[in-house]
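Full structure from sequences and hints, please.
Order-wise, the sequence lines are chains C, G, L and W.
If you read the first sequence in the numbering used here, its first letter stands for residue 609, the second for the next number, and so on.
If you read the second sequence in the numbering used here, its first letter stands for residue 63, the second for the next number, and so on.
If you read the third sequence in the numbering used here, its first letter stands for residue 73, the second for the next number, and so on.
If you read the fourth sequence in the numbering used here, its first letter stands for residue 66, the second for the next number, and so on.
Bear in mind the hints are in silico, worked out from the structure with no lab data behind them.
Don't take every hint at face value.
Quick list of the computed label-pair ranges, beta carbon to beta carbon [to be verified]: (1) Ala-76(G) with Gln-1137(C): 15 to 23 Å; (2) Glu-299(L) with Val-91(G): 17 to 25 Å; (3) Ser-127(W) with Leu-235(L): 29 to 37 Å; (4) Arg-1136(C) with Val-91(G): 35 to 43 Å; (5) Arg-1153(C) with Ala-120(G): 27 to 35 Å; (6) Ala-1106(C) with Ile-219(L): 47 to 55 Å.
C-beta: ideal position from N, C-alpha, C; glycine also.
Each chain, written out:
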Amino acid sequence: MNPMSWNLKAADRAARLVRAAEALGSRLTGKRVGTDAVGKLLEAVLSPGDRVCLEGNNQKQADFLAQALVTLDPQRVHGLHMVQSVLALPEHLDIFENGVAARLDLSFSGPQGARLAKLVSGGRIEIGAIHTYLELFSRYFVDLTPKVALVAAQAADAQGNLYTGPNTEDTPAIVEATAFSGGIVIAQVNEWVDGKTATLPRVDIPADWVHFVVKAPKPNVIEPLFTRDPAQISEIQILMAMMAIKGIYAEYGVQRLNHGIGFDTAAIELLLPTYGESLGLKGKIGRHWALNPHPALIPAIEAGWVESVHSFGSELGMEDYIRARSDVFFTGSDGSLRSNRAFCQAAGHYACDMFIGSTLQIDLDGNSSTATLDRIAGFGGAPNMGADARGRRHASPAWLKAGREARAGRGGAAGTPRGQKLVVQMVETFREHMQPAFVERLDAWTLQERAGMELPPIMIYGEDVSHILTEEGVANLLLCRSDAEREQAIRGVAGYTAVGLARDRRMVENLRDRGVIRRPEDLGIDPRQATRNLLAARSMRDLVRASGGLYQPPKRFRNW
Amino acid sequence: MISYAECSARERLAQLLDADSFKEWVPPVERVTSPHLTQLSVPCAFDDGVVIGRATLADRTVFVAAQEGAFMGGGVGEVHGAKLVGLLRRAQRDRPAAVLLLAESGGVRLHEANAGLIAVSEVMRAVLDVRSAGIPVIVLIGGSNGCFGGMGIVARCADHIVMSDVGRLAMSGPEVIEASHGVEEFDSRDRALVWRTTGGKHRWLTGDCDALVEDDVAAFREAAIAALDKAQPLTLDALEKEHDLLAQRLHIPPAEDAGGDDATFLWRALGVADAQAVPDLAVDAIRALRNQ
Amino acid sequence: MQWNSLVTQLFGPYHGMRAAGDFLQGEVMFDGEPITVIGTTHHAPIGVELALAQARVVLDTITRHAGRPILLLIDTQGQQLRRRDELLGINRAMAHLGAAIDLARRRGHRVIGLVYDQALSGGFITSGLIADACYALPEAEIRVMRIPAMARVTKLPEDKLRLLSQSNPVFAPGVQNYVSMGGVRSVWQGDLKGALRDALASAPSQDLRAQDGAQRGGRRLAADVIERVLSAD
Amino acid sequence: MSDVPAGLETLDFSFSGGRPAGTFAPVLVGVVGSGNLEVMLEPAVGRDCIVRVETSARGFGSIWRAVMNDFHGRHPLAGVRVSINDMGATPAVVSLRLDQAVAEIKGGRT
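Have a look at this one:
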């Protein structure tokens, strides 16, 4: 009988920790590593081909550790398999150019999308898969468990407990998967606390899940990605927001929801306390949110519309406001926000009745995509929000009504009673420079062909979309009973795009009679009422005022 | 409260002047547009970006001009400039109670640069002519494009300047300075820095404007009415005082930019104890700072 | 032309003009009468300091020498493009210089501008362009923008702009273009002393530039538009 | 707009069969700014609604025709001259400005 070893991972971790201790010598005190020794640390703990999670979030970046990775000697450390949710920094791709890393599993590449596409087509990166956030986090616990996690936190104490600050984001998911499966967790922090004169405001990650802590020379990078200056909201966006509130939110009584990050959804947030109030909707819609702390939500919160907000990440400048509104936001014992991308994604998927957001292209099946040629942008979290939750079992009026509409008159399995999530795509028929939002064929298909992907990168499948909202009207796809109807419903709100002009006018009028398509006038909305005067805040400063001075926008957003 | 910054030039006039009192000269139906823009295949505006005419303000006859910042950044071209000059010359002839200039301009319209440059200098001379005739010229600045370039000089040739805190008054735009001397010299994306350097609060604390108001059309109206009888003759004595003020100010900040925040340095020297707090203070609190 | 050879031609070798950095100043004799000369050189950028230095001399001339003519010698790359100058109110300092020159004119001082080298946008508005009349030497350059920069702003091909500028002087740099638009009264050629003598005798005290532009065909609309405003109901 | 070739396009349309608008003071709405336009309505002789568009966005003539057709469907005017200066406004913005202009005529008449 061969003796089997069942603790190879633990032994491997122990060996790496010993290697690190030897390499660092006096540069290691407890778990603290000298800033200048970070390269030595990484070379000691990393082995070629390791699976590594470098914390790249939507907002917070482990930028110092990313820079350290780039400077490693590819002779010693190479072929790493990076598993990270967001590629945001140039360093995230530099490590593929210099050979330190070779394989990549990701969710979103945002600003690095064009360079990523180039490196992939040049054979410098082998992509495993492009995921949604929840998928990638899930795979951390199945077959993409990191051997080494490089994370960012605000502060650490002498034991190695971590305080993440309001941007906890992905950190708990990454650390849990790594620490409990024989991996090594290294954190960069902005400050030390000694435990005597100062203690951590709260503990987000306990010390025994963390192996090394290094103080970064500069605070980690955080981007204010969710700040939308109300000054840039157009009359057309306000018109669409009015249609959303009256034609969808009120119609279904949507209490629990998630918003995208565009100006159109910011317009909705800013119309709740004005237009929404005038329709008597307070308390009837928009009470619970899975949402980052959008500054544009401040007026609605102040007017008493919002009961709870759980967040994926935080937003710069909102710290004091959140602290002062702890009934609404999830806050720690210290009073500051605790965000958590994994939980918030789950909340958005299972506990929200509606997702509403924008996209770049919609086809005649209602499939939508933000993919553009020569960029690999990835998915992020939108597909988790913008998909019917097939595992959901609890009922709510909005969910049931959508389900009834979708199933009325159907038999068999398709007619089995259940609810459905409202997934709303909100687009102007033309984007800037007269780019049509409605197309016969998504660019995603061409991208698939060029990049040799298994599937076209579709953000939200037409099957999941319940409504398409444009300045021309609302198309309720739940009520369509055939592909032909669905196509005409989409053409019927596609305005003067080629797709819209090619509509069957008679069929579209018929759909309108049935309430499948509703124009502004069908909803009792005069487009000329859609003025910026309806916005509860028309400028960044209005938002500051609405917050009683608690919101402190980043300087790039200040015009005073 | 109606935001002055958000209004178009025509909306500002409609809100600011006595109701239905405005009579436009060279109105859009006359289609006096820029032939140069047409040559360059750029769309014209029927009023070439400036609305001029006669109206009453608190029952007093005033001549007014309002520049449209959304059209070519309010840039002054041949026709635009000539409309302003005509208005000012007519003021000299007809002697209204005041001339109101609702300025929103990047300065010379670069598409017709040579004509624009000469036109701005003609406007400047005409403003000084009106002023020396004892008719106050009142400049209102609160549009999102600010008042820059040659129009920034023209504004300072007037008797009285009213600004909101979102208004900006300066010479070169931050983008131009950044392009010329680098982002270390002037980071044009740092809006807080841009406003500390050129914004209404700064201009109020330094005395570069005469009234600071909220971004509210009614507040601008009130301030314009208050300025109606405040002609400030340009005498030798007045110019000597102006010279002393500017010469003293020149030596307040460190000669070489040490990378620090020059604006707060300047405000402190002007007697503002908590200069750091200025950007976050409300307009009435800022107004009180200068009265000390 | 170098400023020194210019003033030597105008006022003889013992002109007494001094340069302090980029700033020129002097009291010269011309036809037996004193003239105040103020100027800049080395394509000086006009910042707060240089604007004030010029204004100081203008104000002193008004105070001490009633009626004495003032000659502005212009060579500038435009306004100083610095954050510090903006902070200090460069537009206010330039307006102050312009107002000082304007006051001198009103008090009967002849003010003559002469572009002897280069005149660009901001630096020109409150000097030559606010004098009684502005003149230029033939080799001088006056502009807001060169054609390539203009092409970037307008997104039009340079060739097209060059072609357009042959028939329309508003687009391209050049002394002759400014003459035809009325911005420059005339170009001084040959006998510079005679030209200055003539300018001192005949420069208009009213702003006739729009009319000149119309008559010369370089700025066809301005005078007409002004007239329309004056005669509107 | 950088990818749009520079150059103006002039488009003329004429619609008949509308109701006479009568006399009214000319109205101007909107401004010629990026993504925006100005629309001027004036009384005109004859029984047509004549439209002239000057636009910086070339190649969208068929869309303009469709937008103006629908406008005429909503507001069948006769004896009106519609003049538009456009800087790349979307059809939604164009339709909104046209409706605003018509409302101003009607408001001015009551």
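27 to 35 Å as the expected CB spacing between Ala-120(G) and Arg-1153(C), which holds or is violated: The hinted range 27 to 35 Å holds for Arg-1153(C) and Ala-120(G), with Cβ atoms some 30 Å apart.
Verdict for Ser-127(W), Leu-235(L) (Cβ pair) under range 29 to 37 Å: 32 Å, holds
Pairwise beta carbon distance, Ala-76(G) to Gln-1137(C), judged against the given window 15 to 23 Å: 19 Å, holds
Cβ distance range 17 to 25 Å for Glu-299(L) and Val-91(G), holds or violated: 18 Å Cβ-Cβ, so the 17 to 25 Å window holds.
Status of the given 47 to 55 Å range, CB of Ile-219(L) versus CB of Ala-1106(C): 39 Å, violated
Distance restraint hint 35 to 43 Å, applied to the beta-carbon atoms of Arg-1136(C) and Val-91(G): With a Cβ separation near 23 Å, Arg-1136(C) and Val-91(G) fall outside 35 to 43 Å, so the hint is violated.
Of the hints listed earlier, those the structure fails to meet are numbers 4, 6, in rising order.
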